[in-house]
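A.B. asks: Sequence:
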Amino acid sequence: MGFVKERLVTQYFQNSFEVFSEVDLKGGVAITYWDKNQKFDKIGVFSSHEYINKILKKVLNFKSFEAIDNLIYTQNKFDLQRLYEDHEDYEKIIGSNGREKRLTTSIFSQLPIFTEKSTSITDVEVLGLIRNIRITRYLPIKYLEDHPNLKFHKVILPKSNGTGKFGELLSTPLVAKPKKAYTQSFISIGAFKNKREADACLKYIKSKFLRTMLGVLKVTQDNNKDVWKYVPLQNFTKNSDVDWSKSVQEIDLQLYRKYNLTEEEIEFIEESIKPM
Numbered sequence: 333m334g335f336v337k338e339r340l341v342t343q344y345f346q347n348s349f350e351v352f353s354e355v356d357l358k359g360g361v362a363i364t365y366w367d368k369n370q371k372f373d374k375i376g377v378f379s380s381h382e383y384i385n386k387i388l389k390k391v392l393n394f395k396s397f398e399a400i401d402n403l404i405y406t407q408n409k410f411d412l413q414r415l416y417e418d419h420e421d422y423e424k425i426i427g428s429n430g431r432e433k434r435l436t437t438s439i440f441s442q443l444p445i446f447t448e449k450s451t452s453i454t455d456v457e458v459l460g461l462i463r464n465i466r467i468t469r470y471l472p473i474k475y476l477e478d479h480p481n482l483k484f485h486k487v488i489l490p491k492s493n494g495t496g497k498f499g500e501l502l503s504t505p506l507v508a509k510p511k512k513a514y515t516q517s518f519i520s521i522g523a524f525k526n527k528r529e530a531d532a533c534l535k536y537i538k539s540k541f542l543r544t545m546l547g548v549l550k551v552t553q554d555n556n557k558d559v560w561k562y563v564p565l566q567n568f569t570k571n572s573d574v575d576w577s578k579s580v581q582e583i584d585l586q587l588y589r590k591y592n593l594t595e596e597e598i599e600f601i602e603e604s605i606k607p608m
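Residue numbers (my numbering): 333 to 608.
Worth flagging that the hints you see were computed from the coordinates, not collected in a lab. Remember, predicted model here, so these are calculated numbers, not experimental data. Here a beta-carbon is modelled for each residue, glycine too, at the ideal position from N, C-alpha and C. Keep in mind that a hint or two might mislead.
Distance condition first, Cα-Cα at most 25 Å in a straight line; then the derived DSS-like pairs of lysine-lysine [stated by the list, open to error]: (1) 433 / 509; (2) 538 / 474; (3) 570 / 527; (4) 433 / 474.
Restraint ranges, calculated between C-beta atoms of paired labels, are given here [stated by the list, open to error]: (5) 434 / 454: 35 to 41 Å; (6) 424 / 364: 46 to 52 Å; (7) 500 / 424: 21 to 27 Å.
Work out the full structure, taking the sequences as your base and the hints as a guide.
C.D. replies: Structure follows, in structure tokens:
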């Protein structure tokens, strides 16, 4: 819905059961007021937590704010032309009448081309799921389209995670080396030249500060790129204003200082966000 100047949010319930006793709405319920004779300010981002609104304002107003969502990538894709040159029968198996390029969640079970062990130095590892268990399979790299971070270090994490409850954990993110691909069950962050920068990014993802900012928009299981738009990008190199060699807890303290959070705002984060 676009911005409607005649509409005002009068009340918000994060727990939908407070309004509809038998309906679970992950985003909560907003009660709005409309008056064609009045003009209201733009609603913007709306949160039931007073401290989230204050912290978000500080982050967005920070000098040279840039969101981390520009570093988020979705699954790898097939080069269907090359795949069908060698395996023309796969065209009848792959979805959308053979036009589905994405490595879908069920692809390991559909195509026997994925092997349990590497058979060539040109193979790539592919991370996916079988019966909701993480599994690695191998595939010749020639059957994949080029991807922004296939040949780089990155952090991989689930595309779907938790319930959307504020402060919950992110399910086992991991640092992946170059030539590691992944299916539709995952997303990745970064295209780093070295493992050190990817390790720094992983620590950032585990921080309470990042998960506070992620919680502004992540109110369901879906962990798509859009919900990361208020998470600030950091410099993960040696020249960063954050010392990434420290523990996650110490990194949080650096980030609190960087964004000039008050004791009350820090206390809110520390009490609301589970440690990883």
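A.B. asks: Hints first: check each against the structure and report whether it holds.
C.D. replies: Quick rundown of the hints versus the structure:
1. 433 / 509: 23 Å, holds
2. 538 / 474: Violated - the C-alpha atoms of residue 474 and residue 538 are around 34 Å apart, more than 25 Å.
3. 570 / 527: 12 Å, holds
4. 433 / 474: It holds: about 14 Å lies between the C-alpha atoms, which stays within 25 Å.
5. 434 / 454: 35 to 41 Å: 22 Å, violated
6. 424 / 364: 46 to 52 Å: 50 Å, holds
7. 500 / 424: 21 to 27 Å: 41 Å Cβ-Cβ, so the 21 to 27 Å window is violated.
Checked against the numbered hints listed earlier, the structure breaks hints 2, 5 and 7; every other hint is satisfied.
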